[in-house]
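Chemist: Residues per chain, in single letters:
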Amino acid sequence: MKPEEIYKTLADKFGESILGFDTELAGDPIIQIVPSAIADVCQYLAETDTLAFDSLMCLSGVDLGAKEEELSVVYHLYAMQHRHSVVLKTSMPKTDAHLPSVSHIWKTADWHERETYDLYGILFEGHTDLRRILLPDDWEGYPLRKDYKEPDFYRGMRVPY
Amino acid sequence: MPEIFSEGFFPKINLQEGTNWATDFVRDVIIPRLPEAVAGHFPMELGTVLVMLAFAGIFVAVVPLLPLVLVLAERKVAARFQNRTGPMRVGPWGTLQTLADGIKLIFKEDYIPPQGDKLLFLLAPYIIFACSFAVFAAIPFGDGIPIPSDFNIGIFYIMAISSVIVMGVIMAGWSSNSKWSLLGSLRSAAQIVSYEIPLGLSILTVVMLVESLGMRDIVNSQSGGIFTWLIFRTPFTFIAFFIFFISSIAEVNRTPFDLPEAESEIVAGFHTEYSGMRFALFFIAEYANMFAVSAIGVTLFLGGWQGVLPGYDFLGGFPGFVIKTLGLVFMMMWLRWTLPRLRVDQLMNLCWKYFIPISFFNILGTGIWGLIFEKDDVWSIGISCAIIYVGLIGAYTVAGRNLVRKPEPQPS
Amino acid sequence: METTQQTESKIIELKPFTDEMVVNMGPQHPSTHGVLRLELRLDGEVVREAIPHIGYLHRCFEKHSENLSYPQIIPFTDRMDYVAAMNQNWGFCLAVEKLMAADESKDFAIPERAEYLRVLICELNRIASHLLSFGTYGMDIGAFTPFLYAFRDRERLLLLFEKICGARLTYNYIRIGGVSEIIPMEPGSIDEQNYLDEIESFLDYFEPKIDEYNDLLTSNSIFSERTMGVAVMSAEMALSYGATGPNIRGSGVDWDLRRDEPYSIYDRFDFDVPVAKDIPELGAVVGDCWSRYKVRMDEMKESVRIVRQILAEGLPDGPVMADLKAVRPPKGEIYFRSEAPRGELGFYIVSDGTPKPVRLKGRSPCFSALSALQELSRGLMVADIIAIIGSIDIVMGEVDR
Amino acid sequence: MDKYIRNIYKGVYTVLVGMRVTIRQFFEPNVTHQYPYQHDFEKKQNVREIPKGYRGQLYNRIEDCIGCKKCELICPVDCITITGDKLPKGEQLWDSMNVVHLKDGREVIGIIEGDDKKIMSEDSMTITNITTRLGSQEVIDRLEASGDESRTETFSTEEVSRVVTRNPVVFYLDQFDIDMSLCMYCGLCTEVCPTQCLVMKDSLEGIEYSSFDRTDLIFNFDKQEMYDKDEAENTEAAD
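Residue numbers (our numbering), protein chains in the order written: chain A, 1 to 161; chain B, 1001 to 1412; chain C, 2001 to 2401; chain D, 3001 to 3239.
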């Protein structure tokens, strides 16, 4: 299935939760989704036979810059059986970044969501084990946010070398 | 030259008749050489003790040199197997490398884990060291070379002493207060205790044939050339030799049975926390053990100091004995640098499901063999060799074709 | 029947209380392939739970990249999977090239010669990577000698890489729009001929060695006892955990990006994709450690096949670098994946039209595969943990980035 | 029972097959060499060759450097520090000249007769006005001894490795530091260098420069005496 068709299917099914379909920018077309609906959409994508997205290739957080007070999470899905892929994107304000977890649908999302939480501070609701994964447990702040200021000291060690 | 060397390089001592060879040595060698005034009043008991101490001193001085050589040999052999050169820096061709390592280890800090059990921690390496060297006391190196303690239960003594090693291993593992050490020592305990059984049962087949536990008796019974060696005496001892050999590899904790010190799993096993000289003691003990079990294997199955042809005993058979032993040591090294390591359950599987049943079968077979044939019957040796030959050829052809093929590369 | 049940229940009652032992395996441990830390909850030798802790080698690759221009990022991709750095370079360059190709105003084509060189070098690097995997796996299982044999052969490959790009491990060879010209190799020159001859002689030497290694390790009964039937990862589980590359092929999924989504010029070459199958007479089960390992061994042969095809065709003439004025992809975002030796290597790039990316995420195959470790290791023994880590072939540089 | 015997056979057989592989290697020659000592018995076939173009230690031939700071810009880890300044307008350190690098490592600075672009295609080149500064002292000594006023020397093209044409220098470098403890050996800086004066040493000395002190790994390539303007004028006046 082409991304347009998938978009139409999703739009029919979920209505207003599907915000739009970006094709203007270079690269793959993106389906914009409301954050709260992401788990339902993913569940639908994974379990419908005609779609059957059985693998989550990548899950990444994005912070486009200080001007846009927004964090995004991008899901790249692939269906081994039908050999088609889709990109889902969901955006939320920086101050209140939370969305449902998809780790029960694809287990690989477990660590990817932990990483996104670790580096962006996005809370994944329903994740069983949302801890920092790459950084130390007592690290402060979320380094990949564009407004992140690195601390001067971490446990008495100078951070900026 | 003193007269003691007149008969050969080593003094011939009548070891069979006297109750104690040291007493004999004092009576036959020392007293005749003393001035007559002293000879009559020479204290027999003191002399015996002194002679024994002197021999023990020679052993303690000479035998630790063996590991020094063996460690270097191991490293060089491993290097050859892996297309390397091995140690090359210290001395010509790196021959002094182990000496340098030893000196380095002596000067290193002897670290004792503060939370560990200090007494046991200090004691453990000595127990292992002492036991592995006590085994040498009963090994007959050659005809005429005195065995320091030549009792009539030599092989039994060796078995008994070498089982004490496991105590040292457990002590080392427990007292280190390290989880890796504990895992290693418990693995070792299970392994050594289990493999004692097939080891003992294999020895039993030999003892049944020779009808003696004395090491010298066992060697003397193999004096008729290569085909009277116990390995070829019956088809069952032939199998028993391999079970003995593999079990003894397990006894000395070498690959493929090096689970107690599996470096890729539990870091270094029971000696993880040891450093300096205490670590060196473990190391020396391991290599001394290796030599000891090979020597026992040679004594029991490969004719001891007896030559390939009957009557051949150059320098009392000592060089022949050492060559045979080093051959077995080389086999151990070869296996070590070829094979991966077993898992704990597979190790036990191998022992309890394969070695022990086969050993019992061997004992049964040897018993029946003993009933059918007279002792030292030439016919029995001929038949045995024929059976072994046919068996090997059969295994090579029939089984090689039908039982297992080499795994084909997977069809893609 | 009743009596057996009674005895069974009695055994359970008498079962002695055993305490759980928590052991830290790593970050300094001989066989955690770097700085992986496993929190093992042991019941004797049996693992109740193995919880991986990563991040000891985190070098802020993604944060760094946001402050670097695209050509500057390439050396950093070297440091991700340092065992197969060529493939990492390539994966990143492919992603950037695809994003740049979306901008129709600039047209650039990667020269034919560069494509051939890329495939040639990356397949050789795949062999080097799998060799290392084979060697370290042997060492994990306890056989030391295969490790040194693997290094001996890998050394020849490293010398080849050294000759073409000047470095042994962190190559920085494949560039956006072509390959590096740091050591010029004129088309048809004697240098090129010598280089190709050297590769040829390596392949002639190496191909029989694979069979030798199969004799030495793969078919060894101790090795197969240790790895066959251990830690079976079913196809569903592998997909769900995002395992890719040899891991998913070891689970019986016939999937290779080089064949199924051919990028570059892989559609011109003839090669098979080794997929694990049940081998009942040996005891191998699809998805066990042995299958994953065997797929790698077979893949080396396929890589040799690809390289031989390139050598037979010869490198085409022409430049090795596209005519690029500046690397400045258009506004947009891309996710591109390629088949690295450890699986699907994806780069997600968000560009705002400046020479620096706004966001760059490396989706590393090991990261996903390692997350399956916790489920795979439940109820196995300590020695099996080592076998699993070796068989999923992790490189911590890539996991932690 | 069949499986039991099969297992035993398989175990023994595969072990023997493995042992055959290792014992074959036992008699193969070594593949290692004794770094850094190369004993005589190995010298013949077993010396490590560092291939041409190896990315070793960075080295800057400051005489050719034009201070463009491209390397500083491209360096991903900022291990190159360059500070320099322009001369006042209208002044220059020296006129256009050529730097001829000979294959034996010597450098001759002067003006090449004829067209700069075509010199490499000809058999030999004649260099006039060889400067006393920075030139190969050996060449200069010989020329001065011969009393040749124009200080001309002819080299065959085979001797010459490369020629760098220098524009009027209106720039001087105060500092050209490379911190090799930070360098990641990517080689990007050597690729962007327009005069190819920043190179990576592809010899043993480019590899063996380890040090006990981290600050020893900061290499200063700037030569202040090059930019000593008074001295330059003096020498030119003396000429």
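Among the hints, a few may not be true.
Stated by the list, open to error - No farther apart than 30 Å at their CA atoms in a straight line, the calculated lysine-lysine pairs in the DSBU-like style are these:
(1) 2331(C) / 3069(D)
(2) 89(A) / 13(A)
(3) 2277(C) / 107(A)
(4) 2098(C) / 2(A)
(5) 94(A) / 13(A)
(6) 3069(D) / 3086(D)
(7) 3070(D) / 2098(C)
(8) 107(A) / 89(A)
(9) 2325(C) / 3052(D)
(10) 3003(D) / 2277(C)
(11) 3070(D) / 2325(C)
Said to hold, decoys possible - If you want the ones that stay clear, here's a sample from chain C, every Cβ over 10 Å from chain B, calculated:
(12) 2045
(13) 2057
(14) 2152
(15) 2327
(16) 2382
(17) 2383
In case anyone wonders, no lab produced these hints; they're calculated from the structure. None of the values given here were measured: they were computed from a predicted structure. Where a beta carbon is used, it is the ideal one built from N, C-alpha and C, also for glycine.
Chemist: For residue 2325(C) and residue 3052(D), compute the direct alpha-carbon distance and say whether it is at most 30 Å.
Modeler: holds (28 Å)
Chemist: Going by Cβ atoms, does residue 2327(C) stay more than 10 Å from chain B at every point?
Modeler: With a cut-off of 10 Å, residue 2327(C) remains clear of chain B, as the shortest Cβ separation is near 39 Å.
Chemist: Compute the least Cβ-Cβ separation between residue 2045(C) and chain B, then decide whether it is above 10 Å.
Modeler: violated (6 Å)
Chemist: Do the alpha carbons of residue 94(A) and residue 13(A) lie within 30 Å of each other, as the hint requires?
Modeler: holds (29 Å)
Chemist: For a C-alpha distance cap of 30 Å, please report whether residue 107(A) and residue 89(A) respect it.
Modeler: Cα-Cα ~19 Å, so holds.
Chemist: Do the alpha carbons of residue 3070(D) and residue 2098(C) lie within 30 Å of each other, as the hint requires?
Modeler: Measuring from Cα to Cα gives roughly 27 Å; hence the hint holds.
Chemist: Is the Cβ of residue 2382(C) more than 10 Å away from each Cβ in chain B?
Modeler: Non-interface label fails for residue 2382(C): nearest chain B Cβ at 6 Å, not farther than 10 Å.
Chemist: Does the alpha-carbon distance linking residue 3003(D) and residue 2277(C) stay inside the 30 Å limit?
Modeler: holds (22 Å)
Chemist: For residue 2383(C), is the shortest beta carbon distance to chain B beyond 10 Å?
Modeler: Violated: least Cβ distance 5 Å, not greater than 10 Å.
Chemist: Residue 2277(C) and residue 107(A) were given as a pair; does the straight-line alpha-carbon distance stay at or below 30 Å?
Modeler: Cα-Cα ~25 Å, so holds.
Chemist: Hint check: residue 3070(D) vs residue 2325(C), CA-CA at most 30 Å. Holds or violated?
Modeler: holds (15 Å)
Chemist: Please work out if residue 2098(C) and residue 2(A) have their alpha carbons no farther apart than 30 Å.
Modeler: holds (19 Å)
The structure shown violates the earlier hints numbered 12, 14, 16 and 17.
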